[in-house]
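Novice: Starting from the known structure of chain A, fit chains B and C onto it as the hints suggest.
Protein chains in written order, with this note's numbering: chain A, 1 to 441; chain B, 1 to 461; chain C, 1 to 270.
Worth flagging that the hints you see were computed from the coordinates, not collected in a lab. Glycine included, C-beta positions come from ideal geometry on N, C-alpha and C. Treat the hints with caution; some may be incorrect.
Stated by the list, open to error - Here are the simulated lysine to aspartate or glutamate pairs, DMTMM-like style, with alpha carbons at most 20 angstroms apart:
| id | chain 1 | residue 1 | chain 2 | residue 2 |
| --- | --- | --- | --- | --- |
| 1 | A | LYS36 | C | ASP87 |
| 2 | B | LYS265 | C | ASP76 |
| 3 | B | LYS354 | C | ASP73 |
| 4 | A | LYS25 | C | ASP97 |
| 5 | B | LYS271 | C | ASP76 |
| 6 | C | LYS111 | C | ASP140 |
What the hints assert, rightly or not - Some but not every residue of chain B turned toward chain A, in silico, with C-beta under 8 angstroms:
| id | residue |
| --- | --- |
| 7 | THR180 |
| 8 | GLU191 |
| 9 | LEU193 |
| 10 | LEU417 |
Chain by chain, the residues:
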Amino acid sequence: MTDATTMNAVSGSGLRKSHSGDIVKASLKRRYAAEKRFRAYGIAAILFALSMLAILFSTIIGKAVPALTQTMIQLEITLYPQDIDPDGTRDPDVLSTANYRKLIRQAMFDLFPDVTSRRDKRQLYDMISPGAVFTIRDQVLKDPSLIGQRMTFQMPMSDDIDQLNKGAIRADLPESERRVNDKQIAWFKRLESRGIVETVFNTTFFTAGDSREPELAGIWGAAVGSFFTMMVTLLIAFPIGVLSAVYLEEFAPVNRWTQAIEVNINNLAAVPSIVFGLLGLAVFINFFGMPRSAPVVGGLVLALMTLPTIIIAARSALKSVPPSIREAAFGLGASHLQVITHHVLPLAMPGILTGTIIGMAQALGETAPLLMIGMVAFIVDIPGGPLDPSTVLPVQIFIWADSPERAFVERTSAAICVLLSFLVIMNVGAVLLRKRFERKW
Amino acid sequence: MSFPVILGVLVLLTILGFFVGRSRAMGVVGGQANQLHSRPHYYGHFIGAWCAIPGVLLFLAWVALETSVIESMVIASLPPNLANLPQAEMNLLINDIVNLSRGDVTSRAVVETDVRAAADFYAQLKSSSKTLLLAITVVLALAGMLFARARIAPDLRARNRVERVVMIIMIICSTIAVLTTIGIVLSLVFESLRFFQKVAPTDFIFGLEWSPQTALRADQVGATGLFGAIPLLAGTMLISFIAMCVAAPVGLMAAIYMSEYAPAKVRGAVKPALEVLAGIPTVVYGFFAALTVAPFFRDTGIELGLVISSESALAAGMVMGIMIIPFVSSLSDDVISAVPQSLREGAYGLGATKSETIKQVILPAALPGIVGSLLLAVSRAIGETMIVVMAAGLAANLTANPFEAVTTVTVQIVTLLVGDQEFDSAKTLAAFALGLILFCVTLVLNIIALSIVNKYREQYD
Amino acid sequence: MNDSATNETQAGTDAAGDEKVKLLSRGVKVFYGDKQALFDVDLDINENEVTALIGPSGCGKSTYLRSLNRMNDTIDICRVEGDIILDGDNIYDKAVDVVHLRARVGMVFQKPNPFPKSIYDNVAYGPRIHGIATGKEELDGIVQTALEKAGLWTEVKDRLDAPGTGLSGGQQQRLCIARAVAVSPEVILMDEPCSALDPIATAKIEELIDELRENFTIVIVTHSMQQAARVSQKTAFFHLGYLVEVDETEKMFTNPSDERTQGYITGRFG
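Just chain A, with the same shape it has in the complex (with noise of 0.2 angstroms):
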């Protein structure tokens, strides 16, 4: 380019004046419309994700809230001896294996004598829920001198009997698109007139195991399991991700085989659940022999899935303790395994467990390899210990999630809350941690 032709360019289409205001100010209205779109923008989206955030608490938490109440009906039965204990030996297997369905059913008859036929007297028991007779059994069992007196006993309904009485099921429903007929309608209205229905906290969703009859499921049993399961998992996980984490940090050399293993703890940490859940069945279940269905098992597997993020978070508070620790250290003729147990673990030792609750409470709520293991099982006992077959609280989830009777919705969402009050109270653990030992280097 020559000189002519550039002069030319400058006083054709260069700078031309001298300076560029009005231009600009003509552009404005145009780019503070864009700006404003660009902001609005972000604003929708973060209101779509906060609604979203908020239909989905509101719905869950609606519909949790009539899990925690159960219909009972009070009903005044008489142990007559031939029923439970004919020989009158006391024996607890004789107690423990009596037919006491039938004496509720009497009772049952006695406040329907209007009730004749079979299916209709079926259909009246039918309003008491399976799980009556353990009412009466515990009783017998605990206090067997209570065997030949009447006395009232607190027994819960049916499920059906209880979605009806929360509302739930509704009476102007046509008859063929309800679980509960006419008839037990009019049965219940009645018993609900004698005053013997009542509506009480539900203590068996709290402390029972699972059951096929929602009235008498409970998560205590799932509870449990987790627990054991989290146990499994972090008394393998904490460990060896802390060690490793130190390992890797501070004396491992920077070679091909340590960056082999950060790209692979990296990677790892990024693998879908569900193949950890694979790893579980064809080695520890399959090549072990390890028992299916039971926490150590999980624990373990959870333990693997959530070794990666221990690390990471291990490492990233190991890195954050300042060098002039460790050199003040090293100065004094500290070694290294010294300076790190010493110093430098104490110091990052709050951002470790931060990282480790975090880690847990992903944990925690983790279900799809636990599917795989086995823990999907239909389990009623209350678990002993790690090696006993359990599930834990997501799954109880998945599976009721799965049941088609409708109680299992509101204990569905009820166990939902319940396993959300757990991460809560973990995350919190979490911040408050992070808060009361933060240290601004």
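Specialist: Positioned in the frame of chain A, the structure of chains B and C alone reads:
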């Protein structure tokens, strides 16, 4: 006698070893601690290590091998008519023996005396195995203690020894992550190879039909099972695509608003709220999708005269998208915050408005990082299981219509493996082949994404 | 260089019979949260002159510079009081638009901060967002002229598509100057533009500043008193948030009236 008790005994012995070591060290130098090479407690750790390590190794080996050893011993003890059963029946028999030994119910109507005897033998082996383990553990620990005690001398470099042991333990721990990966790869590849012996790899990878029902009996007709993975992959892609359509714009705009516009107070309130979204277990999202979102879409569809399946890809994808929003937004937030302030100032200094600065300077500068985080989000969507298990369908439709039900790789893995299955059927092995595909796809996505993100970080560090 | 511009400004100057004040500050105070960083600064900046702001680190000179085009707005906790008048308009007035202001008062930063785009796009960025050029050819012309003004044209004309981040430090800083010039601002603020550069690159930038003075009013913060002496006509000395002294550069470096200034320029502190 149980494993925890044995471990407890081992811990006690180790603690004892510690005190023995420390007092021995002090005794050797007549209480003059400064004549020792290391501080006295290191001699304690030295003996403690000698007590614990052999015992722990033995314990782990025992736990790993006990079941299979005992089972083979039980099988060996069986009379010939039972010992020579085919594999599948043998598994059932073993299962019964184990259940019987625990006093549980079994699958057989009549328990033969031979089986009863085997169960008793099993129970007896179990309990004597524990006793044996305890005895060997105690002997090993005591031997280690005595051996180490004899070696304590003032010039024993106890600290260096202990530190070397700790170092080795740390190295072992740091390889566990690698072993996990190797374990995943080996188990997936091994089981997939067995699957490919039954079903041709080309049929699996290119097959257009998926109906994994295999014949229950050999003479059954017409139910050989079709294992074409294409409909599953297409379904997975469809749902992930819908999820990304929700998560990418919302997450990205939220991140931009939070990092560039929001006042500190809003940021302080909204950020934790979004994190809550990330902390909700996927099973909860699945419940939400199945119970609220899917019926909502179905009913809306009826209003609009559209046929929307109650297990539509749309509902599952949308909820999955909501789940991924915080993932995208926090990763993008990091990436956007990493763009140096000087670039922003450069643009502001020229009189750019905020949105101009963001659109033309910050986003292009952050683009690699954003692409990386979106790829990570895609990989997360592909591997997500519970939402699709609960809200997507089981029928393997090959369709791109978001209103129809599709199924995904993860759904099929769960359906194939949940419940009692015999482990050798093509049906269960297919789950591992699907798992292998899932693992490979997510691994490739992750590697690409992480390398992009890392390169991006280096650029501004 | 630019005939019409030169004529205009000269005409303005002649009419006033004296230097025209471009930027006028009265009682400027700046706070970071509760901390006051700048106390009652009164300073007149003349058109088509280079005004140097000197002083020890943390004295408030950069803070003052950044308040001249409201760059401090980007810092949440920062608050500015007092009046800064640009051609008769208070720039902190509510009616003043900060985008428009920054198009009039451009800025060059301490560390070269080219956008991660091509050289061409870096320079064209300002004109594009402000809609200064009406077509591709005009934009090419603006870019070329700006690069020429920044003394970079001959070095980069063959690789305008190369990334701006690939240039050397000195070239990057000249690119940033070209980027600022391309918007045709009235005032250019420079915040220690040479502190990250080697001596040769520094000399080039200083030369450039002297040339730019013809068309622009320049305010430069510098750590180097020699640089202030070389490039500026007027020098202001800041100390602990106060404007201690302002005068003709020559007088300032030969015969300062305040003993703190004396102490600083003779190297007793700073």
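Novice: Indicate, hint by hint, whether the structure satisfies it.
Specialist: Now the hints, each set against the structure:
1. Between LYS36/A and ASP87/C, the direct Cα distance comes to roughly 29 angstroms. Violation of the 20 angstroms bound is thereby established for this hinted pair.
2. With a CA separation close to 12 angstroms, the supplied pair LYS265/B and ASP76/C stays within the 20 angstroms bound.
3. Between LYS354/B and ASP73/C the CA atoms are separated by roughly 12 angstroms; this keeps the pair inside 20 angstroms, and the hint holds.
4. Simply put, LYS25/A and ASP97/C have alpha-carbon atoms about 9 angstroms apart, close enough for the 20 angstroms limit, and the pair holds.
5. Using a Cα cut-off of 20 angstroms, the hinted pair LYS271/B and ASP76/C holds, with the two alpha carbons roughly 18 angstroms apart.
6. Between LYS111/C and ASP140/C the CA atoms are separated by roughly 26 angstroms; this puts the pair beyond 20 angstroms, and the hint is violated.
7. Using the Cβ-Cβ criterion of 8 angstroms, the hint placing THR180/B at the interface with chain A is satisfied: the shortest such distance is roughly 5 angstroms.
8. For GLU191/B, the interface hint holds, the least distance from its beta-carbon to any beta-carbon of chain A being 6 angstroms, beneath 8 angstroms.
9. Given hint, LEU193/B at the interface with chain A, is violated; its Cβ is 12 angstroms from that chain's nearest Cβ, farther than 8 angstroms.
10. At its closest, the beta carbon of LEU417/B sits 6 angstroms from a beta carbon of chain A; the interface hint therefore holds under the 8 angstroms criterion.
Going down the numbered hints, you'll see the structure goes against 1, 6, 9, while the others check out.
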